[in-house]
Amino acid sequence: MKWDWSAVVDFLPYFWDGLLVTLQILVLGSLISFVLGLVWALLMRVPTRWVTWPVGAVTEFVRNTPLLVQLFFLFYVLPEWGITFSALTTGVFAIGLHYSTYTMQVYRAGIEAVPVGQWEAATALNLPPRRTWTVVILPQAVRRVVPALGNYVISMLKDTPLLMAITVLEMLGEARLFSQQNFQFTEPLTVIGVAFIVISYLASLALRALERRLVH
Amino acid sequence: MSTDTRTPFEKKPDSPRSTGELIRLEQVTKRFGDHTVLDHLDFSVDAGKHVTLIGPSGSGKTTILRLLMTLLKPDEGTVTVDGEQLFPAPEKQVREIRKKIGMVFQQFNLFPNMTVLRNITEAPVTVLGLSKDEAEERARELLEMVGLTDHLDKHPAQLSGGQQQRVAIARALAMRPQVLLLDEVTSALDPELVAGVLDVLRDIARSTDITMLCVTHEMNFARDISDQVLMFDSGRIIEAGAPEKIFSEPEHDRTREFLSAVL
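Chains R and W are the protein sequences, given in the same order.
Start counting the first sequence at 1; every next residue gets the next number (this note's numbering).
Start counting the second sequence at 217; every next residue gets the next number (this note's numbering).
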């Protein structure tokens with residue numbers, strides 16, 4: 001096996017395209033999972049089974065079926081019902097939805113970890129429920145869950161190559177494309193492997209900085 | 217600065233002060249599982265009075281404060297505040313009644329994500345509709361009274377327990393309640409910090425017409441500020457009277473026993 005720097009150079013245009021797509025998936029997917037997970041967590045606290053049962057059933061289903069199956073389903077089955085999105089949009093939504101069923105559990109734990117005395121103080125001050133959530137409970141809950149959410153971001157990053165299966169050309173997709181055209185596998189796969197490590201590392205640095213800022 | 221020379225404690229509440237009977241509990245029963253915490257309890261408190269609830273742990277004192285603050289519901293009986301019944305009551309009425317009541321907790325329960333100033337101004341702004349400036353002025357006056365003007369931009373975690381509790385007192389008073397519920401407010405404090413908090417409360421008791429319901433194990437403090445002392449045992453009031461009488465010549469054996477153990 002020989003290392004060929006010129007193959008690295010040749011791969012770079014593909015790499016930048018793939019990197020951009022991977023980062024888009026990661027950033028948008030994370031945002032969707034953060035927002036949707038919070039929505040699920042809050043809906044699960046609505047004091048009626050008519051809400052908690054359907055939400056519980058759907059999220060349980062999504063959490064316990066493979067992301068790859070969900071990707072195929074959304075990409076190949078939905079169009080049969082007349083619902084069509086681009087591969088990237090479908091992929092971002094699928095990964096965001098999938099991870100939202102994990103982040104909801106993180107939020108739930110975070111909300112439950114806020115001491116009951118905080119709720120009592122909010123009641124004693126007569127704060128309306130909405131205000132209690134937005135200025136007292138959620139800021140404290142979110143602060144507690146940032147590290148756990150961060151782990152899911154890293155985990156999501158490592159799942160982004162799955163989107164290759166629905167034709168999204170993220171880093172692995174580009175590497176495969178390049179490899180097949182040039183019969184050079186070592187260099188592109190090594191480059192994207194390093195890129196994954198670097199992105200993970202930068203993401204964890206960013207999250208640690210965020211955690212520190214949230215200490216107060 | 218306003219020309220009003222009265223201390224913040226002396227200013228009138230936003231709602232008109234009531235006179236006569238302010239709080240009434242009738243045949244109130246509260247159970248936790250098999251344990252009956254309050255057993256067909258009757259008592260009432262007149263406006264402006266300082267009533268101290270004493271008795272062994274688990275005798276139901278704190279439960280009364282928590283019922284009044286609507287943190288708990290009674291299983292039986294009626295609770296009336298300023299002529300309005302609390303359980304059951306429509307949410308709107310509950311919110312109106314809660315405006316008349318403030319509470320200070322054993323564990324302070326300040327909001328750790330907010331500065332001291334924001335802890336105090338949050339509810340006056342969102343609940344009473346004060347402007348930010350009005351609320352901040354009110355907060356500054358109160359912080360001056362509790363001796364913490366230097367700390368208004370700090371977060372609760374940067375303060376000692378005693379300081380946190382004084383902020384909590386200021387936070388409760390910022391709502392200008394008619395009734396202040398004090399739930400073992402010095403029990404979680406290091407001994408050397410207790411006096412500072414009690415001094416603030418003595419000051420409030422002396423210089424305001426706020427009604428106080430106080431659960432405490434600080435018997436000297438109870439003797440100083442109370443108009444009436446209620447001795448609880450097993451969910452009932454077994455003896456009630458002026459502090460001089462309860463502390464000097466209690467009638468009930470159980471009271472005598474309790475006092476000799478704590479004094």
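Note that these hints are calculated values from the structure, not bench results.
Every residue gets a Cβ at the ideal spot worked out from N, C-alpha and C, and that includes glycine.
Hints may contain errors.
Said to hold, decoys possible - Covered stretches of chain W, as calculated for chain R (at least 3 residues, CB under 8 angstroms):
#1 307-319
#2 361-370
What the hints assert, rightly or not - A partial selection of chain R residues facing chain W, derived with a Cβ cut-off under 10 angstroms:
#3 Ala124
#4 Leu127
#5 Pro128
#6 Arg131
#7 Pro139
#8 Arg143
#9 Pro147
#10 Ala148
#11 Asp159
#12 Thr186
#13 Thr190
Stated by the list, open to error - Below, a sample of chain R positions facing chain W; criterion: calculated Cβ distance under 7 angstroms:
#14 Gln105
#15 Ala121
#16 Pro129
#17 Thr132
#18 Glu211
#19 Leu214
Comparing the hints with the structure gives:
no.	hint	in the structure
1	307-319	holds (count 6)
2	361-370	violated (count 0)
3	Ala124	4 angstroms, holds
4	Leu127	6 angstroms, holds
5	Pro128	7 angstroms, holds
6	Arg131	5 angstroms, holds
7	Pro139	4 angstroms, holds
8	Arg143	7 angstroms, holds
9	Pro147	17 angstroms, violated
10	Ala148	18 angstroms, violated
11	Asp159	33 angstroms, violated
12	Thr186	51 angstroms, violated
13	Thr190	45 angstroms, violated
14	Gln105	22 angstroms, violated
15	Ala121	4 angstroms, holds
16	Pro129	10 angstroms, violated
17	Thr132	10 angstroms, violated
18	Glu211	14 angstroms, violated
19	Leu214	9 angstroms, violated
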